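Using the working numbering, you'd call the opening residue of the sequence shown number 1 and step up by one each time.
Hints listed in this document are in silico derivations from the structure and should not be mistaken for laboratory results. None of the values given here were measured: they were computed from a predicted structure. For each residue, glycine too, the CB sits at the ideal point set by N, CA and C. It cannot be assumed that every hint is accurate.
[To be verified] Derived Cβ-Cβ restraints for the label pairs, each shown as a range:
id, residue 1, residue 2, range
1, Pro-219, Thr-184, 40 to 48 Å
2, Gln-68, Ala-27, 21 to 29 Å
3, Ala-217, Arg-21, 21 to 29 Å
4, Ala-43, Pro-243, 55 to 63 Å
5, Gln-68, Gln-180, 28 to 36 Å
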Amino acid sequence: MTLQEQVREAFGRHAGSYEQRASLQRAVAWRLARHCRDLPLVAGPCADLGAGSGLLSRAVQHLRPALQPLRLDLCAELLLQGARDEGAGAESLLWNLNAGLPPQLEQASLLLSSFALQWLERPEEQLGHWCRRLAPGGWLVLAVPTAGSFPQWHQAAARAGGPCSALPLPDAGALVHAAQRQLTLTTQQRLRFSRFAPTALAFLRQIQALGAGSTPAAPLTPGQWRRLEAAWPAEPAINPAGPPRKRLSWEVLVLIGQRPAASP
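With the sequences and hints as input, model every part of the structure.
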């Protein structure tokens with residue numbers, strides 16, 4: 001099974017509980033939506049790329065009701081779940097983003113994407129393709145976890161002398177470079193978020209329960225997991241009498257840019 005097939009099936013299995021668990025994705029969606037509220041948009045289509053259940057699309061529509069982004073995703077169950085949660089079917093398209101963008105998004109006025117680009121093959125090339133599909137004056141609004149994520153996981157794997165089974169994430173600098181070749185960037189941020197759990201294994205279970213546990217790495221053996229757990233850095237508990245806790249951190253790149261208007 002390819003990684004793409006793993007990703008699609010995993011998100012499909014967990015579509016019904018996705019939004020209950022996607023607190024980080026929801027927070028970033030609202031952050032992006034606030035950036036979209038006052039963008040000066042040109043004529044052209046608008047789309048949410050890798051929309052999933054529609055967290056970003058709904059946040060944008062709440063703050064800017066006239067916008068109705070077309071939702072693209074390869075997971076039919078997530079698209080359907082989003083329609084069910086709203087009680088009315090937003091326009092969606094089952095689409096493999098590794099194949100580029102569909103013809104109807106030529107000369108787009110606004111392309112949105114959050115927590116999707118990292119799942120694609122050759123993310124820097126795909127980002128460049130997205131930028132080229134914008135109309136002159138069109139906007140890209142993007143959030144994606146990048147290679148600065150999961151430092152605790154990588155550190156623990158190195159200490160344990162074993163492989164790191166975390167999903168390889170794109171380099172933030174390479175993505176910025178790809179976008180700058182096509183767009184004038186108005187926002188470029190590397191945000192950091194952390195979550196805490198009593199054990200490292202608890203993080204894996206949380207990620208898997210979200211549907212985001214797919215990785216090209218081979219599964220760790222029980223012995224490798226025990227060594228990883230022992231090597232994972234512990235932090236003091238909030239309550240001095242409580243047990244130590246483990247941290248997992250994400251680096252999320254936020255890019256907002258406009259394709260330069262055509263010269264007169």
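Hints versus structure:
no.	hint	verdict
1	Pro-219 <-> Thr-184: 40 to 48 Å	44 Å, holds
2	Gln-68 <-> Ala-27: 21 to 29 Å	23 Å, holds
3	Ala-217 <-> Arg-21: 21 to 29 Å	22 Å, holds
4	Ala-43 <-> Pro-243: 55 to 63 Å	58 Å, holds
5	Gln-68 <-> Gln-180: 28 to 36 Å	30 Å, holds
Violated hints are absent here; each numbered hint is respected by the structure.
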